[in-house]
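Following the hints, put chain P in place on chain G, whose structure we already have.
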Amino acid sequence: MIPLNINKKEYQLDLKGHETLLEVLRDQLGLTGTKTACEESECGTCTVLVKGKAVLSCITLAANCAGREITTIEGLADGEQLHPVQQAFIDHGAVQCGFCIPGMIMSSKALLDKNPEPTQEEMEYALDGNLCRCACYLKIFDAIRAAGKEMKAAKSL
Amino acid sequence: MVTSIKKTFSKKYVNPVGKSVPRIDGKGIVTGQTKYAFDVGFPNMLVGKMIRSPHPHARIISIDTSRAEKFHGVRAIITAKDTDGIKFGSNEYFFPHTVDQMAIESEKVRYVGDELGAVAAVDEETALEALNLIDVQYEILPAVVDVQEAMKPGAPQIHESLNNIAVILPVNFGNPDRALKEADYVREDLFFAPAAHMAALEPHVCVGQWETFSNKVTLWASSQAPFKCREALAKTLKLDLNDVRVIKMAVGGGFGGKLEMLPMDFAACLLSKKAGGLPVKICCNREEEFLATRRKHGMIYKLKSGVKKDGTLVAITGEVIADGGAYCSYGPTVLAAAIMRIFMVYKIQHFRMTGYRVYTNTPISGAMRGFGGVQAGFAVESHMDMLAEGIGMDPIAFRLKNITTPNMVTINKMVLTTNGLRECIDKAIAASDWYNKRGKQKHLCRGIGIGIAADVMGSKMYKSHESAGSIVKVEEDGSVYLFTGAADTGQGSNTVLSQITAQELGVSYSRIRCKSGDTEITPFDTGSFASRVTFISGNATLLAARDAKKQILAIVAEELKLNADDLDIQAEEVICLKDRSVLMSFDKALELCYAFNYGKQIIGRGSYNPKTTPIDFRTGEGNVSGSYGFEAQIAEVEVNKETGEVNILKLWDAHDIGKAINPQSVEGQIEGSLAMGLGYTFMENLRFDNKGRPANGNFANYRLPRSIGTPPIECIMVETDDPNGPFGAKGMGEAALLPTAAAIANAIYDAVGIRLKELPFTPDKIIQALKEKEHLETTAGSHASR
Numbered sequence: 001m002i003p004l005n006i007n008k009k010e011y012q013l014d015l016k017g018h019e020t021l022l023e024v025l026r027d028q029l030g031l032t033g034t035k036t037a038c039e040e041s042e043c044g045t046c047t048v049l050v051k052g053k054a055v056l057s058c059i060t061l062a063a064n065c066a067g068r069e070i071t072t073i074e075g076l077a078d079g080e081q082l083h084p085v086q087q088a089f090i091d092h093g094a095v096q097c098g099f100c101i102p103g104m105i106m107s108s109k110a111l112l113d114k115n116p117e118p119t120q121e122e123m124e125y126a127l128d129g130n131l132c133r134c135a136c137y138l139k140i141f142d143a144i145r146a147a148g149k150e151m152k153a154a155k156s157l
Numbered sequence: 001m002v003t004s005i006k007k008t009f010s011k012k013y014v015n016p017v018g019k020s021v022p023r024i025d026g027k028g029i030v031t032g033q034t035k036y037a038f039d040v041g042f043p044n045m046l047v048g049k050m051i052r053s054p055h056p057h058a059r060i061i062s063i064d065t066s067r068a069e070k071f072h073g074v075r076a077i078i079t080a081k082d083t084d085g086i087k088f089g090s091n092e093y094f095f096p097h098t099v100d101q102m103a104i105e106s107e108k109v110r111y112v113g114d115e116l117g118a119v120a121a122v123d124e125e126t127a128l129e130a131l132n133l134i135d136v137q138y139e140i141l142p143a144v145v146d147v148q149e150a151m152k153p154g155a156p157q158i159h160e161s162l163n164n165i166a167v168i169l170p171v172n173f174g175n176p177d178r179a180l181k182e183a184d185y186v187r188e189d190l191f192f193a194p195a196a197h198m199a200a201l202e203p204h205v206c207v208g209q210w211e212t213f214s215n216k217v218t219l220w221a222s223s224q225a226p227f228k229c230r231e232a233l234a235k236t237l238k239l240d241l242n243d244v245r246v247i248k249m250a251v252g253g254g255f256g257g258k259l260e261m262l263p264m265d266f267a268a269c270l271l272s273k274k275a276g277g278l279p280v281k282i283c284c285n286r287e288e289e290f291l292a293t294r295r296k297h298g299m300i301y302k303l304k305s306g307v308k309k310d311g312t313l314v315a316i317t318g319e320v321i322a323d324g325g326a327y328c329s330y331g332p333t334v335l336a337a338a339i340m341r342i343f344m345v346y347k348i349q350h351f352r353m354t355g356y357r358v359y360t361n362t363p364i365s366g367a368m369r370g371f372g373g374v375q376a377g378f379a380v381e382s383h384m385d386m387l388a389e390g391i392g393m394d395p396i397a398f399r400l401k402n403i404t405t406p407n408m409v410t411i412n413k414m415v416l417t418t419n420g421l422r423e424c425i426d427k428a429i430a431a432s433d434w435y436n437k438r439g440k441q442k443h444l445c446r447g448i449g450i451g452i453a454a455d456v457m458g459s460k461m462y463k464s465h466e467s468a469g470s471i472v473k474v475e476e477d478g479s480v481y482l483f484t485g486a487a488d489t490g491q492g493s494n495t496v497l498s499q500i501t502a503q504e505l506g507v508s509y510s511r512i513r514c515k516s517g518d519t520e521i522t523p524f525d526t527g528s529f530a531s532r533v534t535f536i537s538g539n540a541t542l543l544a545a546r547d548a549k550k551q552i553l554a555i556v557a558e559e560l561k562l563n564a565d566d567l568d569i570q571a572e573e574v575i576c577l578k579d580r581s582v583l584m585s586f587d588k589a590l591e592l593c594y595a596f597n598y599g600k601q602i603i604g605r606g607s608y609n610p611k612t613t614p615i616d617f618r619t620g621e622g623n624v625s626g627s628y629g630f631e632a633q634i635a636e637v638e639v640n641k642e643t644g645e646v647n648i649l650k651l652w653d654a655h656d657i658g659k660a661i662n663p664q665s666v667e668g669q670i671e672g673s674l675a676m677g678l679g680y681t682f683m684e685n686l687r688f689d690n691k692g693r694p695a696n697g698n699f700a701n702y703r704l705p706r707s708i709g710t711p712p713i714e715c716i717m718v719e720t721d722d723p724n725g726p727f728g729a730k731g732m733g734e735a736a737l738l739p740t741a742a743a744i745a746n747a748i749y750d751a752v753g754i755r756l757k758e759l760p761f762t763p764d765k766i767i768q769a770l771k772e773k774e775h776l777e778t779t780a781g782s783h784a785s786r
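Protein chains in written order, with our numbering: chain G, 1 to 157; chain P, 1 to 786.
Since the hints were made in silico from the structure, they are not lab data. The beta carbon of each residue, even a glycine, is placed where N, CA and C say it ideally should be. Warning: the hint list may mix true and false statements.
Claimed, not checked - Under the rule of at most 25 Å between Cα atoms (straight-line distance), these lysine to any residue pairs were calculated in the SDA-like manner:
id	chain 1	residue 1	chain 2	residue 2
1	G	149	P	31
2	P	35	G	114
3	G	16	P	43
4	P	19	G	142
5	G	9	G	42
6	P	440	P	774
7	P	19	P	575
8	P	442	P	757
9	P	35	G	78
10	P	757	P	481
11	G	114	P	238
12	G	53	P	708
13	P	27	G	64
14	P	27	G	110
15	P	238	P	106
16	G	114	P	440
17	G	53	P	406
18	P	641	P	192
19	P	7	G	81
20	P	12	G	30
21	P	600	P	481
22	P	27	G	126
23	P	152	P	192
24	P	304	P	621
25	P	347	P	407
26	G	149	P	712
27	P	11	G	81
28	G	53	G	64
29	P	765	P	347
30	P	35	G	81
31	P	659	P	406
32	P	35	G	64
33	G	53	G	87
34	P	550	P	18
35	P	87	P	614
Unchecked claim - Every beta carbon over 12 Å from chain G, so not counted as near; a handful from chain P, in silico:
id	residue
36	184
37	202
38	578
39	782
Okay, chain G solo, but in the shape it has when bound (with noise of 0.2 Å):
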């Protein structure tokens, strides 16, 4: 048995080897919020957050995660409070489809824990990574620039 922390809680998981951390997460533990478009790290769908590094979900072994804090889309709100990136996603419209958008978000929040005033430049850097056929990409940005600014002032509380 192995020990994965997901979305702070523990599994105690019976892995095979070769099984990879979207496998777990969608069709062991149910955690479909997570997607995939491709299976072959070119999308970015996929993204979730190892001990809060975005990583791709569909190239990671799950059995490598053990110990390490897993986040997925689904265990970011706080309660019913939605994290101000999930809330920001919402308030810019930088949501068509969706479905892009649990791995869009995880890696924008992957960016703004780290720097929660990114340039331009370095928000497209850090979401080159996740395709949007949709396109949102313009209200993506727009999303994490207000979203970075709600994260730094209740930093600063």
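Relative to the frame of chain G, chain P by itself:
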């Protein structure tokens, strides 16, 4: 006793039309709680996989599934012998002979990926292993991949027809030969627009279940048109329409690729029947997405037109060859749209174009956002700039002289009501500072270019009607349920339709709940395509909300002994229109409706079918849409002559949207369309190898626009308040990508003087064109010096 209102609703969003209210499904999406078909699962659910042809063209001699059937974990296998062999297609109303695809092919396969059957097993691994145990004997036939080769006499014959040209579409008006003779300037240009892919992030995925004892089929689908999917399923499965229920889940993007039933939808249901009613999930992987769903037509677009010295466009002639792939799908009407859009944009009396929709042994071309208009927009708008240059006229002045106007009937009988094209051009050139830039930044290798376009909102392509229906149910607790057949595929139609409901009913948007696209629960709707939902489904929803309001006001009038015609509900209050006095709150009015003595359920209904006439394909005449949308787009570019790279400095899109129901959503559609247009201009090109397989069918090799390099975009909304639109609104989900490639091509020409006629504009093509230009200039220079 009066039932008390249980819920309290925020009044934050009264009068929501024209406001950027948050998406009705926003919280579900950003928390991952929204369920897509991709996420649907059931206990004992089986996993299905399609048996696909490895050959581009072959006769099926035999299929032996016996080894696979015995394989541990396999629960069902279907091949053509399990089916009724019924063909399906999407243009059966206009072109019955193009209904040419079987859900499971029985005699021949016509492209690599063509479906011969399907397997259901306890898990994906088992299903994939079972595929390897199926033995198919083929007689391999010669294949043809190139569209021009496929048109030649003696080319391998793909279907049982005279040749590979599935449809010839001649469109003739006036006397173009005479008009060309009388023109002062005539030029001919040949353009090439390649195949591309919708590449929606959510793959095609479905769960089918056949309740074998009650003979009831349910499909949980990722669909843009659940009612069309139901029709095709019922037809091919030989069931009654109401034996089939298609439930549209949240859809992770469609862009035209999810308009039709695919063989996998059929297979999931039939596998379920064979497996005794267990649900079966089939999900395409990305390779299958590129290979065996739908793609955009590659088109060869030839134009020969004539103009007078004063800039009057006298004749347009030409030819369009559309690479259709193995089956017809929506192809014939895509081809028609690629030709007939010209009439919405330019006043023209003499016209002749012939379209050819051609079979090849490649993946099936269908509808993709823009519906032929992207390929046409590139060709026509590039050609117009060249015609203007040929007579030494400014491209803006040339367009202003020839564009369509409000309240006119085009040569092919399209009825244009409001038409903001002129205003769009004026606003786009003002915002972009056109006249201070055009031709004046060559020293910086910078240029500016324009493209204009028009689009329909609805397309008269579904049998004899294209109606939408809505139901607005006002509950005892004050909540309002909107049931619409429209399919929100991510564009936000549930939000827009909910805004229309709230506005017309006179209540806050926060009261509205929306259920869309479930064929057993919601009224009929043809689906999300042709930018029709805001306009057609919006009108149906408006009528349903109006009906519900009328029912409430009838009760209030009876109670207060007033005339219902004098009453209205506005901003959550029932008012008397005579003196604007407030009679009671909306909640109070509802209490009354549901009070003991009235007990009146409030169920409003609306049905809308635009007043249109289908195109008569013998004459090319018809009025396909209840209104038409217009736009002007300007691109400013900087060309790096060393690397061949083009930097987009800014894009402007001035768009006649009638009325922006949700401005933020309109911006989202424009920005997304432009990005898709940029993708098609610079990188998207679905190539095929000698077996007709996608040569770059994955996200590593099929490049899509990403966050890096997204240019600034200025959206200018032109509100023409269309008399036929709900609150004056028009549809607008597709138009913004029609002229993007041409606006950029024209800007590149302005910057460095090269004319690009083949998409996409990759750096190597730009370098090559610059070299050719330099070579021509040197030769011309040396001639002059001699």
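*Output the numbers, in ascending order, of every earlier hint that fails for this structure.*
Violated: hints 2, 5, 10, 11, 13, 16, 17, 20, 29, 32, 37.
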